[in-house]
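K.L.:
In case you want the letters, here they are:
There are 2 protein chains.
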Amino acid sequence: MKNIKLQVPGTVANLVCGFDILGMALNEPFDEMEFKLLDERKIIIRHEDEFHLPTEPEKNVAGVVLQKILEKLENQNIGFEVTINKKIKPGSGLGSSAASAAGAAFGANELLGNIFSKEELVYFAMFGEELASGSRHADNIAPCLFGGITLVKSSEPMDIIPLSSPDLYVSAVHPQVEVKTSDARQILKKNIQMKDAVKQWGNVAGLVAGILKNDNKLISRSLEDVLVEPVRSILIPKFDEVKKQSLVLGALGGGISGSGPSIFMLSETKEIAEKVAEIMQKIYNEIGIENYVYVSKINDQGIRIV
Amino acid sequence: MKNIKLQVPGTVANLVCGFDILGMALNEPFDEMEFKLLDERKIIIRHEDEFHLPTEPEKNVAGVVLQKILEKLENQNIGFEVTINKKIKPGSGLGSSAASAAGAAFGANELLGNIFSKEELVYFAMFGEELASGSRHADNIAPCLFGGITLVKSSEPMDIIPLSSPDLYVSAVHPQVEVKTSDARQILKKNIQMKDAVKQWGNVAGLVAGILKNDNKLISRSLEDVLVEPVRSILIPKFDEVKKQSLVLGALGGGISGSGPSIFMLSETKEIAEKVAEIMQKIYNEIGIENYVYVSKINDQGIRIV
Numbered sequence: 001m002k003n004i005k006l007q008v009p010g011t012v013a014n015l016v017c018g019f020d021i022l023g024m025a026l027n028e029p030f031d032e033m034e035f036k037l038l039d040e041r042k043i044i045i046r047h048e049d050e051f052h053l054p055t056e057p058e059k060n061v062a063g064v065v066l067q068k069i070l071e072k073l074e075n076q077n078i079g080f081e082v083t084i085n086k087k088i089k090p091g092s093g094l095g096s097s098a099a100s101a102a103g104a105a106f107g108a109n110e111l112l113g114n115i116f117s118k119e120e121l122v123y124f125a126m127f128g129e130e131l132a133s134g135s136r137h138a139d140n141i142a143p144c145l146f147g148g149i150t151l152v153k154s155s156e157p158m159d160i161i162p163l164s165s166p167d168l169y170v171s172a173v174h175p176q177v178e179v180k181t182s183d184a185r186q187i188l189k190k191n192i193q194m195k196d197a198v199k200q201w202g203n204v205a206g207l208v209a210g211i212l213k214n215d216n217k218l219i220s221r222s223l224e225d226v227l228v229e230p231v232r233s234i235l236i237p238k239f240d241e242v243k244k245q246s247l248v249l250g251a252l253g254g255g256i257s258g259s260g261p262s263i264f265m266l267s268e269t270k271e272i273a274e275k276v277a278e279i280m281q282k283i284y285n286e287i288g289i290e291n292y293v294y295v296s297k298i299n300d301q302g303i304r305i306v
Numbered sequence: 001m002k003n004i005k006l007q008v009p010g011t012v013a014n015l016v017c018g019f020d021i022l023g024m025a026l027n028e029p030f031d032e033m034e035f036k037l038l039d040e041r042k043i044i045i046r047h048e049d050e051f052h053l054p055t056e057p058e059k060n061v062a063g064v065v066l067q068k069i070l071e072k073l074e075n076q077n078i079g080f081e082v083t084i085n086k087k088i089k090p091g092s093g094l095g096s097s098a099a100s101a102a103g104a105a106f107g108a109n110e111l112l113g114n115i116f117s118k119e120e121l122v123y124f125a126m127f128g129e130e131l132a133s134g135s136r137h138a139d140n141i142a143p144c145l146f147g148g149i150t151l152v153k154s155s156e157p158m159d160i161i162p163l164s165s166p167d168l169y170v171s172a173v174h175p176q177v178e179v180k181t182s183d184a185r186q187i188l189k190k191n192i193q194m195k196d197a198v199k200q201w202g203n204v205a206g207l208v209a210g211i212l213k214n215d216n217k218l219i220s221r222s223l224e225d226v227l228v229e230p231v232r233s234i235l236i237p238k239f240d241e242v243k244k245q246s247l248v249l250g251a252l253g254g255g256i257s258g259s260g261p262s263i264f265m266l267s268e269t270k271e272i273a274e275k276v277a278e279i280m281q282k283i284y285n286e287i288g289i290e291n292y293v294y295v296s297k298i299n300d301q302g303i304r305i306v
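Going down the list, the protein sequences come from chains A and B.
Following full-length UniProt numbering from start to finish, the first sequence increments by one per residue and tops out at 306.
Following full-length UniProt numbering from start to finish, the second sequence increments by one per residue and tops out at 306.
Hints should not be assumed to be uniformly reliable.
Below are the SDA-like pairs computed for lysine to any residue, each with C-alpha atoms no more than 25 angstroms apart in a straight line [stated by the list, open to error]:
{"hint": "1", "chain 1": "B", "residue 1": "Lys199", "chain 2": "A", "residue 2": "Gln193"}
{"hint": "2", "chain 1": "B", "residue 1": "Lys213", "chain 2": "A", "residue 2": "Asp20"}
{"hint": "3", "chain 1": "A", "residue 1": "Lys199", "chain 2": "B", "residue 2": "Val226"}
{"hint": "4", "chain 1": "B", "residue 1": "Lys195", "chain 2": "A", "residue 2": "Ser182"}
{"hint": "5", "chain 1": "B", "residue 1": "Lys199", "chain 2": "A", "residue 2": "Thr181"}
{"hint": "6", "chain 1": "B", "residue 1": "Lys199", "chain 2": "A", "residue 2": "Pro230"}
{"hint": "7", "chain 1": "B", "residue 1": "Lys195", "chain 2": "A", "residue 2": "Phe127"}
{"hint": "8", "chain 1": "A", "residue 1": "Lys190", "chain 2": "B", "residue 2": "Gln186"}
{"hint": "9", "chain 1": "A", "residue 1": "Lys217", "chain 2": "B", "residue 2": "Pro162"}
{"hint": "10", "chain 1": "A", "residue 1": "Lys297", "chain 2": "A", "residue 2": "Gln7"}
{"hint": "11", "chain 1": "B", "residue 1": "Lys213", "chain 2": "A", "residue 2": "Met158"}
Please keep in mind that the hints were generated in silico from the structure rather than gathered at the bench.
Bound-form chain A, shown alone (with noise of 0.2 angstroms):
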């Protein structure tokens, strides 16, 4: 039977001032997905990773989304086969479990010949967002699709329009503290004032602007967060000085990944993005919390077939 193997992409939503719209892939870290066409209907699901993940079909992000897809497909004799190498780590707020509901997505389609369009994948791969958090949104998963940097205007209907991947690169840490998805959402304020949200989209739309007038300078000013990185960050050791930092090096800014505890920083180049990485883990090294970091480029194409 067909077999394929994919790099399915980390993503960095809530891109600062972009908070539930606004989403980036990267490169590094990503998840080895190989999927087999099986000819009963039946979804396996291995791990090969360490994070001791379920792999009952509907308790595995992966496998409700197969689910989702076999039930559209229901006179068809087909199941999958599906090994997982999670790279992403769970909890780390780059994107985890948006790449095993889309990279299961995109590898039953691909191995279905293309039958279904990117908006399609993504209404599939929500399922495994609603697994994993509760919440059938697609911040993590559109970026994770389609790549570059995307909007989501709206999650229902649908809406998502893919922006432009510039060309920037992306330093990202992820200190091991364990920052609940929940309590990120519960420190949230529910009403805000309405100068600090017209400054916000302000932002918001000099961000969007700067992406796609390809105007660096533009990006860096409005890579600014006044309504949810004040309250949040507070969840994430050290991170204005990981802030601080990061600008003294020259990056053009960045913020909380997803809801934490990840950092991500955007540089015009591979060395001040490395050069801010190592600023990143010796401040979390400092202070024995372990960390990883990690270097790409914005990834301008989502999930790649290897």
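Following the hints, position chain B against chain A.
P.N.:
Same frame as chain A, now just chain B:
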């Protein structure tokens, strides 16, 4: 002495979801301003229109801008004589005071051999807005000077980003009712829900992307204001009716111009824009409210020398 004649365009601030940040220049209506350079430190303002605006320089919007420019050029024996034929009605919400302010700065600069940048002209013109409304804002001045659709990411420090000038037509109606800017300000909520703000900046992002990618469908889907319009439209009789009928005729969308009472709608063709203007007029005629309608393309240039 040198003299010069200008057409200074009306503008739409608070472009639907882009409250306080996005503005647009119109080809109709426009003010006419005629400038003479004098060889003594003197400012003479004449109004040829019917609006009985004060002509003492310190009480006139154009006058205070010219005063600021003269202050800057402290050692030169020069002055300005300006004749204004205002066609943008004060209080219409179509940027009447901004036209006087921006026109004054632009005209003086032309006579002086273009010694100031556009950003400096915005700076001078904001003193005119301050006289007119008490706040030094650039929402209308920026599109008046730059043309097209502009983003004022911030007024202080000044951060203006000209976006582009979509190939679209504007229908605008000014129903002759009074909406005081102070009332329009006061009625606004000071506190809003985060979820509404997220929806708003999703629309802002979509609108900016639509403008820069020339995607009229995306522009149309993004022309939605969940925060300001629902509150302010109460002050404008028949607002909902005008909007509904315009959309039925095929307009892409629109909303309140500035803080009202004018309403504008964007359309892809002149034919649709003219039909929209007709229905606008009909709706207000039926209830006996005097009204003025304008149809023009988005102004891609800003102020014109004639």
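K.L.:
What's the verdict on Lys213 (chain B) and Met158 (chain A), does the C-alpha distance respect the 25 angstroms limit or exceed it?
P.N.:
Status holds; Cα separation ~19 angstroms.
K.L.:
Going straight from one Cα to the other, do Lys199 (chain B) and Thr181 (chain A) come out at no more than 25 angstroms?
P.N.:
holds, 21 angstroms
K.L.:
Check the hint pairing Lys199 (chain A) with Val226 (chain B) against an upper bound of 25 angstroms on the C-alpha distance.
P.N.:
holds, 17 angstroms
K.L.:
Between Lys199 (chain B) and Gln193 (chain A), does the CA-CA distance stay at or below 25 angstroms?
P.N.:
Within the cut-off at roughly 15 angstroms; holds.
K.L.:
Hey, Lys297 (chain A) versus Gln7 (chain A), does the alpha-carbon distance stay inside 25 angstroms?
P.N.:
Within the cut-off at roughly 15 angstroms; holds.
K.L.:
Against the 25 angstroms threshold, does the CA-CA distance of Lys195 (chain B) and Ser182 (chain A) hold or violate the hint?
P.N.:
holds, 16 angstroms
K.L.:
What's the verdict on Lys199 (chain B) and Pro230 (chain A), does the C-alpha distance respect the 25 angstroms limit or exceed it?
P.N.:
holds, 20 angstroms
K.L.:
Is the straight-line distance between the alpha-carbon of Lys217 (chain A) and that of Pro162 (chain B) 25 angstroms or less?
P.N.:
holds, 15 angstroms
K.L.:
Check the hint pairing Lys213 (chain B) with Asp20 (chain A) against an upper bound of 25 angstroms on the C-alpha distance.
P.N.:
Status holds; Cα separation ~22 angstroms.
K.L.:
Decide if the proposed pair is consistent with the structure: Lys195 (chain B) and Phe127 (chain A), CA atoms, cutoff 25 angstroms inclusive.
P.N.:
Distance ~22 angstroms between Lys195 (chain B) and Phe127 (chain A) Cα, so the pair holds.
K.L.:
Given the hint that Lys190 (chain A) pairs with Gln186 (chain B), does the C-alpha gap stay at or below 25 angstroms?
P.N.:
Roughly 22 angstroms between the alpha carbons, so the hint for Lys190 (chain A) and Gln186 (chain B) holds.
Violated hints for the displayed structure: none, as all numbered hints are satisfied.
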